[in-house]
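Enquirer: Listed below, chain by chain, are the residues.
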Amino acid sequence: NAGVTQTPKFQVLKTGQSMTLQCAQDMNHNSMYWYRQDPGMGLRLIYYSASEGTTDKGEVPNGYNVSRLNKREFSLRLESAAPSQTSVYFCASRAWETQYFGPGTRLLVL
Amino acid sequence: EDKVVQSPLSLVVHEGDTVTLNCSYEVTNFRSLLWYKQEKKAPTFLFMLTSSGIEKKSGRLSSILDKKELFSILNITATQTGDSAVYLCAVEAVEYGNKLVFGAGTILRVKS
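Chains A and B supply the protein sequences, listed in that same order.
Per the working numbering, numbering of the first sequence is gapless, rising by one per residue and ending at 251.
Per the working numbering, numbering of the second sequence is gapless, rising by one per residue and ending at 451.
In isolation and in its complexed conformation, chain A is listed as follows:
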């Protein structure tokens, strides 16, 4: 039982490049989330998926797209990376009591 897994752990991009951050959970949770964490700002919700086949915008969705491929997997795509997207990205899935977080992806956009 791995919980929530994320790949890659670390990535460097040049401005304008695209990439997809992968997230998977093996806890059979319906809801999944993508957050970004910036210094001094806590975690902010980018997108979420309440169930397989549905996705919705969170507080800071601009510049991102998501895909809920199946119940296990929820990916986050940056179509044209910008330096302002340099951050640590966390995926989470929700059980009744709390959200469980993956280990994070550290992204640097030059």
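These are computed hints drawn from the structure, not numbers from a lab.
For glycine and all other residues, C-beta sits at the position ideal for the given N, C-alpha and C.
Where hints are given, some of them may not hold.
Listed next, the stretches of chain B that the computed footprint assigns to chain A, with coverage defined by at least 3 CB atoms under 8 Å from CB atoms of chain A [as the list claims (entries may be wrong)]: (1) 376-384; (2) 441-448.
Computed far set for chain A versus chain B, every beta-carbon distance over 12 Å [what the hints assert, rightly or not]: (3) VAL153; (4) SER159; (5) ASN203; (6) SER208; (7) PRO224.
Chain A is already provided as a structure; the job is to place chain B on it using the hints.
Expert: Just chain B, lined up with the frame of chain A:
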């Protein structure tokens, strides 16, 4: 706009001290308040609070919620160096699929 404010932003204590971390919030459609510990990577869950005045305890950690005054405290007694971490407070709102609104965190450093 929903917001969660934690204080202090950081503190340094010696092993054996007791610390109190504060969290105040203004969130519409409140569902619960959660505390997380973040040591280098993913936040790990500590407590979920939904009712005022009921203390939750886990070992040396305890927490309580005041829904009238809109705040919560996290206490850590007999601190150890392993308690050094960022402590995050988050409020769950019944919107955005039960999104979590996070505070900026309190950085705790316990010196031996």
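Enquirer: Take the hints in turn and mark each one as holding or not.
Expert: Evaluated hints:
A count of 5 residues in the segment 376-384 of chain B with a Cβ less than 8 Å from any Cβ of chain A is obtained; the coverage claim is therefore met, three being the minimum. With 4 residues having a beta carbon nearer than 8 Å to a beta carbon of chain A, the segment 441-448 of chain B meets the requirement of three or more and the stated coverage holds. Residue-level check passed: VAL153 (chain A) sits 19 Å from the nearest beta carbon of chain B, beyond 12 Å. Listed as a non-interface residue, SER159 (chain A) keeps its Cβ farther than 12 Å from every Cβ of chain B; the least gap is roughly 25 Å.
No Cβ of chain B approaches the Cβ of ASN203 (chain A) within 12 Å, the least distance being about 15 Å, so the stated non-interface status holds. For SER208 (chain A), the non-interface assignment is confirmed: its Cβ lies about 16 Å from the closest Cβ of chain B, beyond the 12 Å cut-off. Distance to chain B confirms PRO224 (chain A) as a non-interface residue, since its nearest Cβ pair spans about 22 Å, more than 12 Å.
The structure fails none of the hints (numbered hints given earlier).
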